[in-house]
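There are 2 protein chains.
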Amino acid sequence: MQALPSLSLWNRWWQTVCAKMPFSDWLLVGTLLALGGSWNVIRADGGSERNCSAIPPYLPSTVVNTTLRLQALREAMSSVNVSAYIIPGTDAHLSEYIAPRDARMAFMTGFTGSAGTAVVTLNKAVLWTDSRYWVQAERQMDCNWELEKDVSISSIADWLIREVSDTDNIGFDPFLFSIQTYESYSYNLVPAKLMLKSIPDNLVDRVWTDRPLIPPDNLIRLPDRVVERTWQKKVEHIRIQMTDNPYKPTAVLLSALDETAWLFNLRGNDIPYNPFFYSYTLLTLNEIWLFVHKDRVTEDLKLYLNSTCFPLAHCVQLLEYEQVRVMLKDYMTTSGVKVWIGTEYTNYALYELITPEEKLLTSAYSPVLTTKAVKDETEQRILRDAHVRDAVAVIQLLMWLEKVVPEGKETEMTAAYYVNECRSKQKDSRGPSFETISASGPNAALAHYSPSNATSRKLTVDEMYLVDSGGQYLDGTTDITRTVHWGIPTDMQKDAFTRVLMGNIEISRTIFPSGTKGVNMEMLGRRALWEVGLNYGHGTGHGVGNYFGVHDWPVGFQGNNIPFREGMFTSIEPGYYKENDFGIRIEDVVVIVPAHTKYGHNYLTFETVSLVPYDRKLIDTSLMSPQQLQWLDNYYLTIRELMGAELDRQGLTEEKTWMLKHTVPFQSATASAAVSSLSLTLTALATALLHILL
Amino acid sequence: MQALPSLSLWNRWWQTVCAKMPFSDWLLVGTLLALGGSWNVIRADGGSERNCSAIPPYLPSTVVNTTLRLQALREAMSSVNVSAYIIPGTDAHLSEYIAPRDARMAFMTGFTGSAGTAVVTLNKAVLWTDSRYWVQAERQMDCNWELEKDVSISSIADWLIREVSDTDNIGFDPFLFSIQTYESYSYNLVPAKLMLKSIPDNLVDRVWTDRPLIPPDNLIRLPDRVVERTWQKKVEHIRIQMTDNPYKPTAVLLSALDETAWLFNLRGNDIPYNPFFYSYTLLTLNEIWLFVHKDRVTEDLKLYLNSTCFPLAHCVQLLEYEQVRVMLKDYMTTSGVKVWIGTEYTNYALYELITPEEKLLTSAYSPVLTTKAVKDETEQRILRDAHVRDAVAVIQLLMWLEKVVPEGKETEMTAAYYVNECRSKQKDSRGPSFETISASGPNAALAHYSPSNATSRKLTVDEMYLVDSGGQYLDGTTDITRTVHWGIPTDMQKDAFTRVLMGNIEISRTIFPSGTKGVNMEMLGRRALWEVGLNYGHGTGHGVGNYFGVHDWPVGFQGNNIPFREGMFTSIEPGYYKENDFGIRIEDVVVIVPAHTKYGHNYLTFETVSLVPYDRKLIDTSLMSPQQLQWLDNYYLTIRELMGAELDRQGLTEEKTWMLKHTVPFQSATASAAVSSLSLTLTALATALLHILL
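Chain order of the listed sequences is A and B.
With the numbering used here applied, the first sequence corresponds to residues 237 to 930, in that order.
With the numbering used here applied, the second sequence corresponds to residues 237 to 930, in that order.
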């Protein structure tokens, strides 16, 4: 696993979520961030913040000296005649995770947080980042850099308008701009007569002499046993959608890394936690061009891809990754072409070659992303299987913690290590699917927390503990969160936990028409919390893939996700976070399956494929409806059945005993039983009375 | 009340909804329409359809001869050098209801349905309308007209591309195009090299010699007793929003009729059911221009508007309605101006004068519409009051029907007449707020039904009956739907009715954070139906105003509605429709009020202000949760309290008795009571036993 500092799951997800969520959700996040901030953790790191007003300026040991690299960048800027240069934090595929070689903002500023934008002019250098990172930025940046706190593009543009003269050029790398990012800058800068200048040859790369290389690893093809649709079938399927489209596109351009990986059933190792490789695809009705680093394609793979074949329609022509713009430009000169792109993941460097309109067909997502969203039968089966094995690892973690935490020697770090080890022993394991969030007490209330040596808390029976972790397996990607308490929880903790669980259950058990959007039902995950004035400031769930990104968009509960259909997988993960106290999240992965209803058809519901019991101690069944308790008991029956067999198969008897103990049905033990027994008592009394009287 | 044929509430609402709803909702509507179609009703009208292939063509008496007017239009088209002319069905304010003088599509085609687009070329004439209207169109159009059935703009554009030569001009009246409509046509036509030609002088009007006049009625100002914010205060409030806006607009342009009516506390009589008048407003930081037909502004009103005053900032300068483009063009020549428009309601005729970008600031809705959405304390109080009086009329209708229906003499028409009469007797009545939907049996399953002599069914104890009606009052606008059965409902009817009611209650009782969007919680209105595979194909609710349009957008549960805030009013109206059998809808108006929660603040909930009981016979309490029953009993307590007092005040003792009978609490009468009584019995027995034994 290649670790980037601070490149945790939550960072990246929040960044994506924030970039795409409607304004009202932004506010929610803002509120939580304002409450939850990460300052304490970072302060606990031992260092302190820079003081640029001191004489001489005080710089902690954590800052990076950026003087020379800034000087070099400014020379590069002058050579291409720009007065300002914008450095975003993303990569050319608008990826959620980026590789170290794409961490240009971090290289230039010293700041390693996952969200931010840097701007360099000929005499100033400024970083914009949100409140989660203000302290971290003050500790990592030297006094060449100013920190700005309003991260909206309009605020960056306003700053540029003040700093840069009229008619000057603002440079940017179009590969690192989404279409929407470009349009936002343009909307704000054009009225002020500032010109955006697209510079496809990145200026930071020119001065970054020790920029990390692309990993040398070859690409791999998925084994046949995990594949139902060959790449040829997938290509055919996409071409049918092109032919059926009334706008008659002649080509589909794939820009996101998971699009190409999915289409060809290939995987790589270029991005931490994500089995992707740098690539683009241009698929036309007659030809297929795959842009990759060709030296990483083995002879076997070339054979697999029919890279020398005839007719061309069924042959993958390999071109160098860097050739994508040249090839696309060339294709656009052909008469009568129309290129179909997904606007959410196509970078501006490609987009600017495809306009004007008559050559462009846009949808939010490419047909590859919408087709990928629905798993075929094999993908469904193996992804369920992966979750069974994954649950073994999580059960092992929870059982172990229950035993060892009272001894007082374990920490967030050792727990994270333990669960990663457990997963690594499961069949087809390919490492964690993101950096494990192992968080005790107040750390669990931080939005983007993963433990480090500096922050790791000892686990105790006095604090709640949240573990959000997942694995990559050759057959599937997993993601599960459990929150537990090894001592005596407070009433508020039980209240909040039970309401989070009720939220998870209310979504899970809902029956809905095929085509319903997740965003229009995710409030079911919040409703029990809302009743008592609680809420959470993040999304409610995201798609998961088969040995893919742990956030397999565009499936999920966000506003920009596509409608739910049978065969999609998504996480459901409501939570609640109490500042400086505790954090709760209950996350399961579910598959969308048909629901059989009295009058209708084409109705769907969710079936939970994560198979780990919840902490009974935290559940207040008196708050729950009979339907919710029934759902919970049914779920536990499923766990007993599937995990019982798997734990037997793996010869894990202690784990099986633990699992059975934690999945005892609730209903026979509570209300309905109590009512029945009261009735029985009274009836017995009455019967006795009658006997006496008669 | 000016009645336009077929201009029913549902027509218009559906048209608006369809134009604005996301694609997935469209599908829902499509399904319902396909199931529910209106053919039977129209066929029952006695006439039959045209047959243009017969020799000679057969034309029923219901068609309009359009030969001469088409000839005249084509001459007009030639004179302005266009090969095709697009005739939409809307008006210059993109109104939901239009005045007879704006029914240009109906004049040209003969077709009076509310949804459609006509296109005339030099040798063809075609109407596009959706499945609800295909039969009606075949009955009303002569053989000059073809009917096309795919109503998407892309299909109209495809037809134009086939019919019209390259580089020819397609004419349109920019006043009748929304910005989005223009952009859709442009997107489709430009690649085919067809040019759209904006012709602000409407060509149909040139040939429509007997076009209805603007009503001569003067505008009226609202009496002080219903006004809290004077127009001066409202102007000040909007100007503050302009100053606070970071984009620094210098003007706000108001295009929708309710915007100007609201801003100046004025009302008119130009549109059926809607107390609006033709108008635009251009509000700058220093001046106010009101565009109206000046001869309808009395001297008193001129005084009220300070129309001759100094300083200009607080003086409403009156300009003729038709001068809006001239004035706006003039304003745009001023340096440094920036005009703020709401894109949803600004027509293209004004929009095209404001571009380019540096002079334009857009939001979906103008600051007037978003400010209007939250009612002030006076508006809230008087709108609640109007609902109390309105409930008297609906209670009178339901009580009367209960008595007279078994006698077999009443019809949908007489019932509609009766409720209108009842309303007209209430204080401050200003007529119905839309054409009453009074529908028995299968008619209630039709999406856009209002009774006519031809379709009106007799009311019987064997059919369910749905009445959706509302009133205009000087202090408020109402809208309520009740569904009843005077005989013995089937199990399916009770099941469906109860689930619709459960949907209404689940939304009504929900607690949510301020700023939640209606579209993200409206599934609560559907969930109980979804559980058994039922659904409805329309929206779940819309804002209501104070003596305003009955659909007071942008408040409501649609995707393009703004987030809910305290002080907004909306309808909640889930339903269920069984083709050829029955229709159920339960609609109440609610106000958004603060909710007091255990841990949080800034949480809201709904309080129902419609005060008419539901039909108890149709409620299966065994399906409902304890919380739902509790809500229902609380609601009935409110009805008893508020309506008891009002019916006393109006001396309506029979109505009061009826109301009390229909609002007996459910919970003491059903489950909890039954359980209690069983316990009591058993306890008594046990006690007796003990007595005997001791």
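The hints are simulated quantities; they were obtained by calculation from the structure and are not laboratory data.
Among the hints, a few may not be true.
What the hints assert, rightly or not - Heads up, simulated SDA-like pairs for lysine to any residue below, C-alpha to C-alpha not over 25 Å straight-line:
id : chain 1 : residue 1 : chain 2 : residue 2
1  : B       : K385      : B       : S420
2  : A       : K595      : B       : I389
3  : B       : K429      : A       : D394
4  : A       : K897      : A       : T486
5  : A       : K834      : B       : R885
6  : B       : K834      : A       : K429
7  : A       : K834      : B       : S420
8  : B       : K360      : B       : V300
9  : B       : K484      : A       : V387
10 : A       : K565      : A       : T486
11 : B       : K433      : A       : T486
12 : A       : K429      : B       : N838
13 : A       : K814      : B       : S420
14 : B       : K897      : B       : R885
15 : B       : K574      : A       : D394
16 : A       : K730      : B       : H898
These are the hints, each one checked on the structure:
no., hint, result
1, B:K385 <-> B:S420, "holds (18 Å)"
2, A:K595 <-> B:I389, "holds (20 Å)"
3, B:K429 <-> A:D394, "violated (39 Å)"
4, A:K897 <-> A:T486, "violated (59 Å)"
5, A:K834 <-> B:R885, "violated (48 Å)"
6, B:K834 <-> A:K429, "violated (53 Å)"
7, A:K834 <-> B:S420, "violated (42 Å)"
8, B:K360 <-> B:V300, "holds (17 Å)"
9, B:K484 <-> A:V387, "holds (20 Å)"
10, A:K565 <-> A:T486, "holds (15 Å)"
11, B:K433 <-> A:T486, "violated (30 Å)"
12, A:K429 <-> B:N838, "violated (43 Å)"
13, A:K814 <-> B:S420, "violated (48 Å)"
14, B:K897 <-> B:R885, "holds (19 Å)"
15, B:K574 <-> A:D394, "holds (17 Å)"
16, A:K730 <-> B:H898, "violated (42 Å)"
Comparing the model with each numbered hint stated earlier shows that hints 3, 4, 5, 6, 7, 11, 12, 13, 16 do not hold.
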